[in-house]
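Engineer: Since chain A is already given, all that's left is putting chain B on it; use the hints.
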Amino acid sequence: DTEVTQTPKHLVMGMTNKKSLKCEQHMGHRAMYWYKQKAKKPPELMFVYSYEKLSINESVPSRFSPECPNSSLLNLHLHALQPEDSALYLCASSRTPPRGGGASEQFFGPGTRLTVL
Amino acid sequence: KNQVEQSPQSLIILEGKNCTLQCNYTVSPFSNLRWYKQDTGRGPVSLTIMTFSENTKSNGRYTATLDADTKQSSLHITASQLSDSASYICVVSGDSGAGSYQLTFGKGTKLSVIP
Numbered sequence: 001d002t003e004v005t006q007t008p009k010h011l012v013m014g015m016t017n018k019k020s021l022k023c024e025q026h027m028g029h030r031a032m033y034w035y036k037q038k039a040k041k042p043p044e045l046m047f048v049y050s051y052e053k054l055s056i057n058e059s060v061p062s063r064f065s066p067e068c069p070n071s072s073l074l075n076l077h078l079h080a081l082q083p084e085d086s087a088l089y090l091c092a093s094s095r096t097p098p099r100g101g102g103a104s105e106q107f108f109g110p111g112t113r114l115t116v117l
Numbered sequence: 118k119n120q121v122e123q124s125p126q127s128l129i130i131l132e133g134k135n136c137t138l139q140c141n142y143t144v145s146p147f148s149n150l151r152w153y154k155q156d157t158g159r160g161p162v163s164l165t166i167m168t169f170s171e172n173t174k175s176n177g178r179y180t181a182t183l184d185a186d187t188k189q190s191s192l193h194i195t196a197s198q199l200s201d202s203a204s205y206i207c208v209v210s211g212d213s214g215a216g217s218y219q220l221t222f223g224k225g226t227k228l229s230v231i232p
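Top to bottom, those sequences are chains A and B.
Residue 62 in the working numbering sits at position 62 of the first sequence, with consecutive numbering throughout.
Residue 159 in the working numbering sits at position 42 of the second sequence, with consecutive numbering throughout.
With the rest of the complex left out, here is chain A:
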């Protein structure tokens, strides 16, 4: 299995809802990432997990809460989102964490298209 899967593909939620995005990989990768991508913009890093521990939080609002239950799974819990949070949310994984040199390629999932009403 050489892919990153994400569910759901599409999600529409109200500002008072609580929902979760899921990401899964079975490549034995030890680093996983969440990105947010607005239309016609490059992906923006949100969180990085290295060996199931949160290593980077790019000043993301607390209404986004990541969770890494094990080395294959990454969740993003959503609560009290705003309409401006509507975007494509991408999960990625890499064999090794992004430290030092080395070409640890990131594999991206297909994304979850989130719409906040």
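None of these hints come from the bench; they were simulated from the model.
Here the structure is a predicted model, which is why all the values come from computation and not from measurement.
Quick reminder that beta carbons are idealized off the backbone N, C-alpha and C, glycines included.
Mixed in with the good hints there might be a few duds.
If you anchor each label on the Cβ, the simulated ranges turn out as follows [said to hold, decoys possible]:
id, chain 1, residue 1, chain 2, residue 2, range
1, A, THR16, B, PHE169, 45 to 53 Å
2, A, SER20, B, GLY158, 15 to 23 Å
3, A, MET15, B, LEU128, 14 to 22 Å
30 Å max Cα-Cα, derived BS3-like pairs, lysine-lysine [what the hints assert, rightly or not]:
id, chain 1, residue 1, chain 2, residue 2
4, A, LYS9, B, LYS118
5, B, LYS134, A, LYS41
6, B, LYS134, A, LYS9
7, A, LYS38, B, LYS118
8, B, LYS224, A, LYS38
9, A, LYS19, A, LYS36
10, A, LYS22, B, LYS118
11, B, LYS227, A, LYS18
12, B, LYS188, B, LYS227
13, B, LYS134, A, LYS22
14, A, LYS19, B, LYS174
15, B, LYS188, A, LYS41
16, A, LYS9, B, LYS188
17, A, LYS40, B, LYS118
18, A, LYS36, B, LYS224
19, A, LYS9, B, LYS227
20, A, LYS41, B, LYS227
21, B, LYS118, A, LYS36
22, B, LYS227, A, LYS38
23, A, LYS36, B, LYS134
Structural biologist: Only chain B this time, still in chain A's reference frame:
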């Protein structure tokens, strides 16, 4: 400030023609450079990844070049197909030492291949 600039912003070519996309970067120190293809509404898919010592790398009809001295890279697409229509993103990784993360994305080139 680390930056990755891509040109052109958008490009329209006829099916079967070749094209070249450009990427200039100021990321330092440099670790590696990647080209991704992203279809609208989908996740990026890796095309090539090159380190400092690599000048050229091919993946089918895609050929990437890297000039680490001038900090420039190009992605050449040969015999374009309609399915090549997508955004092509240049991403540069910096060697910022243990525990640090440095990945700079370009804004992408939107390629449209028309019949």
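Engineer: Does each hint fit the structure? Answer for all of them.
Structural biologist: Hints, verified against the model:
Checked against the hint of 45 to 53 Å, the C-beta distance between THR16/A and PHE169/B comes to roughly 50 Å, which is consistent with it. In this structure the supplied range 15 to 23 Å holds for SER20/A paired with GLY158/B, their Cβ-Cβ distance being about 21 Å. Restraint check, MET15/A to LEU128/B: a C-beta distance of roughly 39 Å breaks the suggested window 14 to 22 Å. Under the criterion of a C-alpha separation no larger than 30 Å, the hint pairing LYS9/A with LYS118/B is inconsistent with the structure, at around 35 Å.
Between LYS134/B and LYS41/A the alpha-carbon distance is near 27 Å, which keeps this suggested pair within the 30 Å criterion. Note on LYS134/B and LYS9/A: the hinted pairing is violated, with a Cα-Cα distance of about 34 Å set against a maximum of 30 Å. For a cut-off of 30 Å, the pair hint linking LYS38/A to LYS118/B stands: about 22 Å separates their Cα positions. Pair hint LYS224/B plus LYS38/A holds up; C-alpha atoms about 11 Å apart against a cutoff of 30 Å.
Using a Cα cut-off of 30 Å, the hinted pair LYS19/A and LYS36/A holds, with the two alpha carbons roughly 16 Å apart. Of the pairs offered as hints, the one joining LYS22/A and LYS118/B is violated, with about 33 Å between alpha carbons and a cut-off of 30 Å exceeded. Among the hinted pairs, LYS227/B with LYS18/A is inconsistent with the structure: their alpha-carbon atoms are about 35 Å apart, more than 30 Å. Between LYS188/B and LYS227/B the alpha-carbon distance is near 22 Å, which keeps this suggested pair within the 30 Å criterion.
Simply put, LYS134/B and LYS22/A have alpha-carbon atoms about 40 Å apart, too far for the 30 Å limit, and the pair is violated. Annotation: proposed proximity of LYS19/A to LYS174/B is violated, straight-line Cα distance about 42 Å (limit 30 Å). Distance check on the hinted pair: LYS188/B and LYS41/A sit about 23 Å apart at the alpha-carbon level, within 30 Å; holds. Distance check on the hinted pair: LYS9/A and LYS188/B sit about 37 Å apart at the alpha-carbon level, beyond 30 Å; violated.
Taking the CA atoms of LYS40/A and LYS118/B, the gap is near 22 Å; set against the 30 Å cutoff, the hint holds. Proximity of LYS36/A to LYS224/B is assessed by CA-CA distance (about 14 Å); at most 30 Å being required, the pair is judged to hold. A distance of roughly 23 Å separates the Cα atoms of LYS9/A and LYS227/B; the hinted pair therefore holds under the 30 Å criterion. Annotation: proposed proximity of LYS41/A to LYS227/B holds, straight-line Cα distance about 11 Å (limit 30 Å).
Restraint check for LYS118/B and LYS36/A: the C-alpha separation of about 21 Å stays at or below 30 Å, so the hint holds. Of the pairs offered as hints, the one joining LYS227/B and LYS38/A holds, with about 15 Å between alpha carbons and a cut-off of 30 Å not exceeded. With a CA separation close to 34 Å, the supplied pair LYS36/A and LYS134/B exceeds the 30 Å bound.
Consistency with the previously given hints fails for numbers 3, 4, 6, 10, 11, 13, 14, 16 and 23, ordered from lowest to highest.
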